[in-house]
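Enquirer: As a plain string of letters, each chain reads:
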Amino acid sequence: MDEPLIVVVLLLVAVSATAAVAVRDPVHQALVLAVLGVALALLFTVLQAPDVGLSQLAVGSVLTPLLLMLSVHRVRRREKGRKGKAR
Amino acid sequence: MNARTTGRVVLEVLGWWAGLTLLWQVLISTADTLEWVVGASAALVGALAARATRRAVGDR
Amino acid sequence: MTRGARLIVLALGGAGLAALLVAACLDLPGFGGTWHPYGDRAVEASLSRRTANTIASVNFDQRAFDTLGEMSILFASVVGTVVLLRQTRDEKRGKPEPEEVALPVRRYALIVLPVAVLSGLYVIAHGQLSPGGGFQGGVVAATALHLLYLGADYRALERVRPVGLFEVGDALAASAYVVTGLAAVLGGTAFLANTLLPYGTFNTLASGGTVPLLNAAIGMEVACAVVVLLARFLDQAVEIEEENGKR
Amino acid sequence: MTVLPYLVAVWIFLIGCYGLATSRNLIHAVGCLAVCQSATYVLLLAVGYRDGGTAPVYSDIKPGSRPVVDPVVQALTLTDVVVGATVTALLLALVMQVSKRHGTVDPDELRELRG
Amino acid sequence: MNGWILTATVALGAGVGATVWGVATGPLRRRVVAQNMSSAVACPGLLLLSQGFGRPAYLDLALLLALLGPAGTLVFARLLSDDLAADPPHARGVTLAVAGYGAVVVLVLCAVTGPGRTMAKLLLIGALLIGGNLVASRALSGGFAASRRG
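Residue numbers (the numbering used here), protein chains in the order written: chain X, 1 to 87; chain R, 1 to 60; chain H, 1 to 247; chain Y, 1 to 115; chain L, 1 to 150.
Calculated from the structure, these hints are not laboratory results.
All values derive from a computational prediction rather than experimental measurement.
Mixed in with the good hints, there may be bad ones.
Claimed, not checked - Label pairs and their calculated CB-CB ranges:
no., chain 1, residue 1, chain 2, residue 2, range
1, R, A40, Y, Q97, 44 to 52 angstroms
2, L, T113, H, D66, 36 to 44 angstroms
3, Y, L113, X, L11, 41 to 49 angstroms
To be verified - Rough simulated footprint, nothing fancy, chain L against chain H, three-plus residues with beta-carbon under 8 angstroms:
no., stretch
4, 92–102
5, 112–120
6, 147–160
Positions of the beta carbon are idealized from the N, C-alpha and C atoms, including for glycine.
With the hints as constraints, model all of the structure from the sequences given.
Expert: As structure tokens, this is what we get:
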């Protein structure tokens, strides 16, 4: 009944998942993963699973990007500190 | 903390509490007594959080 | 193994796996079919216990033991993270610097934070009625608190977030779940069986027997767990410095 | 159409595995693992879907008035989304430890350090 | 399939498709704007879907997205403030256009549902969505002064 809608959202998810892997920089990947989270939440809504959609929104929009970005921040700061010391 | 600041703090928390209880009533679909009780307590938590954050940001 | 050889092995394995998975997909019951024997029975069981949200009924009533397992994974990974990211002897704690934040952003954070906390509590409290539940609402309420870090700075967040209390809350919520399960055993039935409380009126807050209780326990558990996790990550990213003398 | 959602799940899983194997940065690898995880969610929910069905949540519709989708797979998925996020956090904590001990997060460089 | 779902299909396909493309390519300043737009476009889509499926309960999803989407953008604005200060994004036109789209969707749905709790909820979601996205895009273009953090 809602076939075109399901196909469109499925394709959005597939494309953004591919982009999340193809993008090699972790900061850029965190940005793509945030969009993938939104796309997945849309897919779950379309597949009539609002509970799962809520779960995905709660986790994917803030929590996962925040964790990834904090790790990147930490690792970068460390590398910068090492380079500064070596100089 | 003198009486005037205490009064202002109480007023601020009460304002948030009333506003958030109203908001709870918007979110739910049907209201009964238990719903009001739960909503009022959740709004109280929110109001205290609002007060605490404002203080944490304010006096530095 | 060189990079090239690794890619060849990956391509071979990937192609084999892809072929098997596609073959399996072609044999699955078609997408959108009408044959859902478990689903139909789960809906019936949920309605007989007057739980409006069937998914909450599956999670906290019919498969409550499975949720206990999920909760222990969550608990274990939080404990693991806390142990991994503790402050070691060669690290010192620096003072986080105050941040310059544009006024509209700060005002937005201060206004939306209570609203987001309330929405998180609403999602938890209405878990057995409308879409939502402890897992989702817990994450929302915990994330809401971190708007203070995003809209002001880490020092402000530290003032309103006693991590020790949240650690205690995490443990208390986990044991509350188990205690609710054991209460059913004391009541003369099986562990986590939903026979203790009256089922109530359909589609009201008190319906569903022990489902709301377990739901609230999970909500508290998840909220505390996320706060503790993020506290460790923020400490590492913002506060903890390494000693200069290292290596 | 009857297999497209399953094939999308397979594609997401395989592309995630590819990223995991070729990643040059452990943080990126953890992100790829999150992509792999989402493949399982898509597969499970696709299995539970019913044409013309709606969610079995009766807060705003009458029971029995509309066909409903399978709640069991949804319950499995929704707990895993949240638990998966905390497991991701655990992996990221491991990555931070690796960076502290060895000063790099490139798997190839780490191999050279050990060997 | 009814008109609401058809509209949602077109809007989501075009809008979210564009943001996926925007977030996967180009300079950092375009990627963060695309990330911000993804929640701003998806939220009205969820409202349309809720109406199209005839399920007011699905509005909770839009509510959470309106609350948390801008918070997600603030994460990036916060932790990338140094990079963004060197090359600040300017996306006033896109932001206003998407905000207008959100406002139109909310107003149309309000007109259809009529007064009541659902309408109040819709207006709340609309206010949070538009306010949040304007603030988030303000935060991206210089909301956090570039600091000396590492």
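Enquirer: Hint by hint, which ones does the structure fall short of?
Expert: Those not satisfied: there are none.
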